[in-house]
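J.: Chains as they are written, first to last, in my numbering: chain Z, 1 to 170; chain U, 1 to 227.
Just to be clear, a hint being listed does not mean it is correct.
Capping the alpha-carbon separation at 20 Å, the derived lysine-lysine pairs in PhoX-like fashion look like this [what the hints assert, rightly or not]:
#	chain 1	residue 1	chain 2	residue 2
1	Z	164	Z	53
2	Z	162	U	72
3	Z	17	U	72
4	U	66	Z	17
5	Z	164	U	72
6	Z	16	Z	53
7	Z	96	Z	136
8	Z	16	U	66
9	Z	96	Z	121
10	Z	121	Z	95
11	Z	96	Z	50
12	U	72	U	114
13	Z	50	Z	136
14	U	66	Z	162
15	U	72	Z	168
16	Z	162	Z	17
17	Z	17	Z	50
18	Z	164	U	223
19	U	209	U	23
20	Z	53	Z	95
21	Z	95	Z	136
22	Z	95	Z	50
23	U	223	U	23
24	U	210	U	23
Distance windows between CB atoms, simulated [stated by the list, open to error]:
#	chain 1	residue 1	chain 2	residue 2	range
25	Z	132	U	111	51 to 61 Å
26	U	108	Z	134	50 to 60 Å
27	U	23	Z	98	45 to 55 Å
28	Z	15	U	117	29 to 39 Å
29	U	213	Z	168	46 to 56 Å
30	U	147	Z	93	52 to 62 Å
Since the hints were made in silico from the structure, they are not lab data.
Glycine included, every Cβ here is placed at the ideal spot set by N, Cα and C.
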Amino acid sequence: MAAERFFNSELEDGVKKQYAGIGEMKIAHNPGLLMVMGIGSCIALALYDKYVKVGGMAHIMLPDSRGGRKAKKSCKFADEAVLILLEEMLRHDAKKMQIVAKIAGGASMFSVMDTLQIGEKNAAVVKEMLIEEGIKLVAEDVGGNYARSVILDTCTGEFTVKAKGGVKNL
Amino acid sequence: MKEKEEDGDGDGDSEFELNAFQKDALNELGNIASCHAVTSLAEMTGVTIDIEVPTVDVVSIKDAEKLIEAEKMVAGIFVQIDGGFSGYLQVLFPERSAFHLVDILMGKTPGETKSIETEMEQSAVVEIGNMLASSFCDGIADFFHFSLMPSPPSFAFDMMGAMLENAIIAVVQAQETEHVILFRCDFQEETEKGIYGYILLFPQHDSLKKMLSMLEAEVRQDKSEMK
Numbered sequence: 001m002a003a004e005r006f007f008n009s010e011l012e013d014g015v016k017k018q019y020a021g022i023g024e025m026k027i028a029h030n031p032g033l034l035m036v037m038g039i040g041s042c043i044a045l046a047l048y049d050k051y052v053k054v055g056g057m058a059h060i061m062l063p064d065s066r067g068g069r070k071a072k073k074s075c076k077f078a079d080e081a082v083l084i085l086l087e088e089m090l091r092h093d094a095k096k097m098q099i100v101a102k103i104a105g106g107a108s109m110f111s112v113m114d115t116l117q118i119g120e121k122n123a124a125v126v127k128e129m130l131i132e133e134g135i136k137l138v139a140e141d142v143g144g145n146y147a148r149s150v151i152l153d154t155c156t157g158e159f160t161v162k163a164k165g166g167v168k169n170l
Numbered sequence: 001m002k003e004k005e006e007d008g009d010g011d012g013d014s015e016f017e018l019n020a021f022q023k024d025a026l027n028e029l030g031n032i033a034s035c036h037a038v039t040s041l042a043e044m045t046g047v048t049i050d051i052e053v054p055t056v057d058v059v060s061i062k063d064a065e066k067l068i069e070a071e072k073m074v075a076g077i078f079v080q081i082d083g084g085f086s087g088y089l090q091v092l093f094p095e096r097s098a099f100h101l102v103d104i105l106m107g108k109t110p111g112e113t114k115s116i117e118t119e120m121e122q123s124a125v126v127e128i129g130n131m132l133a134s135s136f137c138d139g140i141a142d143f144f145h146f147s148l149m150p151s152p153p154s155f156a157f158d159m160m161g162a163m164l165e166n167a168i169i170a171v172v173q174a175q176e177t178e179h180v181i182l183f184r185c186d187f188q189e190e191t192e193k194g195i196y197g198y199i200l201l202f203p204q205h206d207s208l209k210k211m212l213s214m215l216e217a218e219v220r221q222d223k224s225e226m227k
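Could you build all of it, start to finish, from the sequences and the hints given here?
T.: Structure, rendered in C-alpha cells:
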C-alpha cells in the first residue's frame, strides 16, 4: 500500500497531485491537482464545483459496459463513469446544480484501430450521459489523432490540456 | 480537509497469475524472439545492439501506465497479430533514437534529423519497426512451428502512455479483463550512442494460455527424452 501511495501522489508546490490510471477516478478538495497522463482514445472527464471547490477526474476507457454483467460498476466505461463520478462528487459536498463538466481525449491514434472508433464513441456517450444528468459541459478538447495529458486544478477549476501541438487552458 | 482516494473499479473477476515456471518459459520465449528481431536490426543498420533480458509482467490495467513514462514522446508502430497466436505488438523508439535511426537509414549526418514529420522520415521508422515486429513474430512462430500474420503497421509519434493505452483497449475490448500481460524487451546500441527501443507484446489471454500449454508440453517431452 505504501508503494501504491508513493506512485499515486506526490507534491508540487505543496499541493498534492493524484493520478487517475485507466478506469480509475480521483476526487480532491482545494488545494489539489488531478491528473490523467498520456491518453489517446480514452476520455478524461472532469467535474468541478467552483463554490465548494471540489473536483473529480475519471479516466474512461470504453464507451459501454455491454449490459453491466458485473455487479460492481466501473469508471472504465463511459456509460457508468459519469454517474459514479457524480455520486462521488455529491458525497464530497458538491451541489449538483453547481457542477460543470470538462472533457478531453477521444482521439484516434492508429489507423489499425480506426474501424472501432472507440475515441469518437467514448466522447459521444460521455456527452449523452452529461445531458441526461443535466450537467453542463463547459469545455471540451476531443478528437484528432494525438495524445493528451490533462490536469485539473481544484483551486481554480482550470483544466489544462497538454498535447504535441501545445498547451491549452480550458 | 477531506480527501479520499477512490478507484471505482470492479476488481478481479478474471484474476490471472503466472507461476515461476510459466514466467521463466515466457522470458525465454521473449529472449529468443527479441534476439531474432535485434539481429535483423543490426543487419539493416550496421550497428551492434544489446538487448536486456526481457520481462514478462502481469499488470492490472489501472497500473499499466506506471510501468512507463506516460508523457515520454516515442515514435513507433502498432501491429495486430493473428494466426497461431493473437495479440498486439508495438515497437517504440524514444524521440532521439528515432531521429538517430532516420539519420542512419537515410544516410544523413548524425544529428541532422530533428523531427518526424515528412513521409520519408515516417516511413523510415515504420520500416524499421515493421522489420523488428516481423522478425520478433518469426522468432515466436519458429519456436512453436505455427505461422503468425502481422497486420500492416500503423504509425504514431506521440506520448508513450497513449500508445500503450491503445493496445490495452484492444485487449480489453476482445475479452473483459482487469489484467494485461505485457512482454517488454528493451534494447540499446552497444556503444550507447543513440538507439534505444522497446518491443511490447500484448497477448490475448486465450492465446497466452494456449502458448503456455504448448511450452509445458515441450518441456515434458524434453524431460522424457533425457531419460
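J.: What hints, given by number in increasing order, does this structure fail?
T.: Numbers 1, 9, 10 and 18 - these are the hints that the structure violates, sorted from lowest upward.
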